[in-house]
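Participant: This is what each chain is made of:
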Amino acid sequence: METFDLSVVWAIVVAFSIIMYVLMDGFILGMGILFPFAPNEEARDTMMNTGAPIWDGNETWLVLAGTSLLGAFPLVYSILLPALYIGVFLMLAGLIFRGISFEFRFKAKSKNSRKRWNIAFAGGSMVVTFAQGAVVGAYIEGFETQDRVFTGGAFDWLTPFSVMTGLGMMAGFALLGATWVILKTEGHVQEWAYQIASKLLWMVLGVFAIVSLWTPYIDASVAERWFGHIHLIWVLPALAIASAAALFFSLKRGHGKLPFFATMSMFIFTYLGLLVSRWPYVVPPDYTLWDAASAPGSQLFLLVGTLIVIPVILGYTSWAYWVFRGKVRPGEGYH
Amino acid sequence: MELDPLIISRLQFAFVISFHAIFPAFTIGLASFLALLYGLYVKTRNKAWERLAQFWTKVFAVVFGMGVVSGIVMSFQFGTNWSNFSQATANFIGPMLSYEVLTAFFLEAGFLGVLLFGRGRVSPGMHLFAAIMVAVGTLISTFWILATNSWMHTPAGFEIQEGTFYVTSWFEAIFNPSFPYRFLHMGLASFLAGGFVVAGVSAWFLLRGHEIEANRKALSMSLWLLLIAAPAQAVVGDFHGLNTLEHQPAKLAAIEAIWDTESSVPLALFAIPDQENQTNHFELSIPKLGSLILTHDPNGEIKGLSEWPRDEQPPVWFAFFGFRIMVGLGFLMIAFAVAGLVLRKNGRIYTNHYFLQGLRLMSVAPFIALLAGWIVTETGRAPWLVYGIMSHAEGLTPSLTGGMALFTLLGYMAVYAVVFASGVYYLTRVIHMGMEEEKSDNDEVQSAMRPMSASHVSFDESTKPARS
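Protein sequences, first through last, are from chains A and B. Quick note on our numbering: the first sequence kicks off at 1 and runs consecutively. Quick note on our numbering: the second sequence kicks off at 336 and runs consecutively.
There could be a bad hint or two in this list.
Restraint-style ranges between C-beta atoms, simulated for each label pair [stated by the list, open to error]:
| hint | chain 1 | residue 1 | chain 2 | residue 2 | range |
| --- | --- | --- | --- | --- | --- |
| 1 | A | 318 | B | 563 | 42 to 48 Å |
| 2 | A | 36 | B | 515 | 34 to 40 Å |
| 3 | B | 380 | A | 42 | 40 to 46 Å |
| 4 | A | 318 | B | 644 | 57 to 63 Å |
| 5 | A | 275 | B | 759 | 41 to 47 Å |
| 6 | B | 749 | A | 314 | 48 to 54 Å |
| 7 | A | 212 | B | 495 | 42 to 48 Å |
| 8 | A | 144 | B | 745 | 42 to 48 Å |
| 9 | A | 163 | B | 745 | 21 to 27 Å |
Covered stretches of chain B (chain A as the covering partner; in silico rule of three or more C-beta atoms under 8 Å from a C-beta of chain A) [stated by the list, open to error]:
| hint | region |
| --- | --- |
| 10 | 425 to 432 |
| 11 | 501 to 511 |
| 12 | 732 to 743 |
| 13 | 754 to 767 |
By construction, these hints were calculated from the structure, which means they are not laboratory data. Nothing here was measured: the structure is a model prediction, and the numbers come from that model. Built from N, CA and C at the ideal position, the CB exists for glycine as well.
Produce the complete structure using the sequences and hints provided.
Facilitator: Shown next, in the form of structure tokens:
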């Protein structure tokens, strides 16, 4: 097998892990963002119950993406993590707080300690989401490197553009969270979710428009990609907008399931759009995925195990979602 | 004063990994203990085994959860603070660390759920199988991590081209010269940690008269285990020392605070090493014993630290005192294991107040010894990150400033303080609740993914502690 093939296979594996993470942790983080706006404590309990059985399985994909980068594209790992140093810390700290509040909030009986875990849950989710969104923005903007080493400063990643993508991600995940709540609940919690989802949709579309207009001006190569000769890629934003339209009408007609899947599909096409903007550069603007690859022997050694384990994780995840399918009613939980 | 990102990054790594290591060290030993308990239950059908297994499964769930949470940081830290190291060695450490993650997730996906929530839903035989798989899985995880760590101590099976390591033999790289010793040493340390915690908690329950039959069984079992593991650890440690003498003589010289190369080296029981003047103060030592222990020959020659330039000498204090703390506690552990054998004659292990109180206190000893041991081995290889090839300074992230490193060091300390405080607080509540039967057990539908939901103890309500 040639180097070329392995690197592309790995690029697909990593890209797949990342989108799996975004979709699956996205709605749970989104519920965390919506936590302070929930109508009452009972609604918060119900929301948390919808995520409790599956959240830590979802986090699997993030760690998998991280170590896969080290194994298959060490250059990405060793440039992005230093460049995003502070952001990565905020994300990890937020994930830890979010994680332990999932564990301990259910076990907290007194009002005060419950309140503390609420704050940890909501705050953790917001910080994580903002950091992840800012990472996306920073990634589109590219990194300052020299001889395969990051040479920029601690806050290079924090720019007007990345702040906007960070806030945009918060709106996006909140929308995923709201449509998930629509899918999984009924009664007044669901009604509240319908209302908030409609508002969030406009916010997300606003951000989507700004990012779409802004992105081509960041870098000549991105502009060339979109306004060059490959017209087929315009299918991606078109599908994203079609998904948004499906979401709009399904919310209006009070569909239970469609809003969530329409939002997921919005995320998928936007994500693919971002990928094609920079492909095949994995450390924009200087390094392609072939520059970033580890030795073919190492990629192959790791690929064997990864291709065995990923189907198992997928199978297990589907099984868990299947077991916990259907609506969650107030006072009914798995804790 | 200029903040040095190198020192702060090393401190941060040491802090995060020490904090994290406590949990897996405990769960590795405990997982095998659980497998044994489920096995005994399947074989004898004695309810006492089942109750023990259930109680310790709850403890396992909480500790495992803490280990997962604290471990997330580890997989990113190599990139944030040690990016040059990551980039240079990724062809080896990348697949190793990824395989560890894959192993852990494979386990979590397959068997952890069955172990934690399978009671009443799968047959006891299947439950036992899941427990064995979890135990094997924790050992496989240890395998990958220690292969990586050992490779950094005694690198093998690679070639370097333009500053990047390429694996030439996976077998040689994984089974590098120090790996077998380190793996056994850490494996036994985990069994000692699990054994002493089980012994200590059982002793505490016995002192309070809680679940006498089951806890007597647990105490007796763990003391038999310790009687084998504690002396075995001394033997393995000795071989590990010989291996260190061969591959990392500077570390050995630092451990024994030997400054000049000599034969018939005495063994310093105590000293205040003085790196500045390259000498020891207040030394109390036994003639020839150093050579005898280290080379297995009373007249064996040992290289002193003065053989290395000052900037290639490891800091002596950590190695010297860390080693003495580890070995001292090791002997104390052997003493307790032997005392257990002596007291066993009239069944006094179950009733001797001093012995039981002592065991209670000894629960922390293996953890201190383990951390001391890691401090010895990790500071003892200074200034090398990959021994003899890449120094700490060369592996550091070039763009990292002291301020950034300090910010995250303090940040992680704050985050872990909250995690640790909540976790330990909750764990003590689980233990205080004792082995009461849980009524709510069947309400649980099938929440196969959250380790801590295996325990129903509330976080803050003042519920009745174990009957006394």
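Participant: I want to verify a distance hint. Is the separation of the beta carbons of residue 749 of chain B and residue 314 of chain A within 48 to 54 Å?
Facilitator: 36 Å Cβ-Cβ, so the 48 to 54 Å window is violated.
Participant: Given the hint of 57 to 63 Å, is the C-beta distance from residue 318 of chain A to residue 644 of chain B inside that range or not?
Facilitator: holds (60 Å)
Participant: Within 42 to 48 Å: is that where the Cβ-Cβ distance between residue 212 of chain A and residue 495 of chain B falls?
Facilitator: Holds - the Cβ-Cβ distance for residue 212 of chain A and residue 495 of chain B, about 46 Å, lies within 42 to 48 Å.
Participant: Taking the CB of residue 275 of chain A and the CB of residue 759 of chain B, does the distance hold inside 41 to 47 Å?
Facilitator: holds (44 Å)
Participant: Verify the CB-CB distance for residue 318 of chain A and residue 563 of chain B against the hinted window 42 to 48 Å.
Facilitator: For residue 318 of chain A and residue 563 of chain B the Cβ distance comes to about 44 Å; the hint holds.
Participant: Has the hinted range 40 to 46 Å been met by the Cβ atoms of residue 380 of chain B and residue 42 of chain A?
Facilitator: The hinted range 40 to 46 Å holds for residue 380 of chain B and residue 42 of chain A, with Cβ atoms some 44 Å apart.
Participant: Okay, residue 36 of chain A versus residue 515 of chain B on CB: inside 34 to 40 Å?
Facilitator: violated (54 Å)
Participant: That 42 to 48 Å hint for residue 144 of chain A and residue 745 of chain B (C-beta), does it hold up?
Facilitator: violated (27 Å)
Participant: Are at least 3 residues of the region 754 to 767 of chain B within less than 8 Å of chain A when you compare beta carbons?
Facilitator: holds (count 4)
Participant: Test coverage of the region 732 to 743 of chain B by chain A using CB-CB distances below 8 Å; three residues minimum.
Facilitator: holds (count 9)
Participant: Return holds or violated for the Cβ distance of residue 163 of chain A and residue 745 of chain B against the range 21 to 27 Å.
Facilitator: Holds, at about 24 Å.
Participant: Using a Cβ cutoff of 8 Å, are there at least 3 residues of the region 501 to 511 of chain B near chain A, or does the coverage claim fail?
Facilitator: That given contact holds, which follows from 3 residues of the region 501 to 511 of chain B lying within Cβ reach (below 8 Å) of chain A.
In summary, the structure is inconsistent with hints 2, 6 and 8 from the numbered list given earlier, while agreeing with the others.
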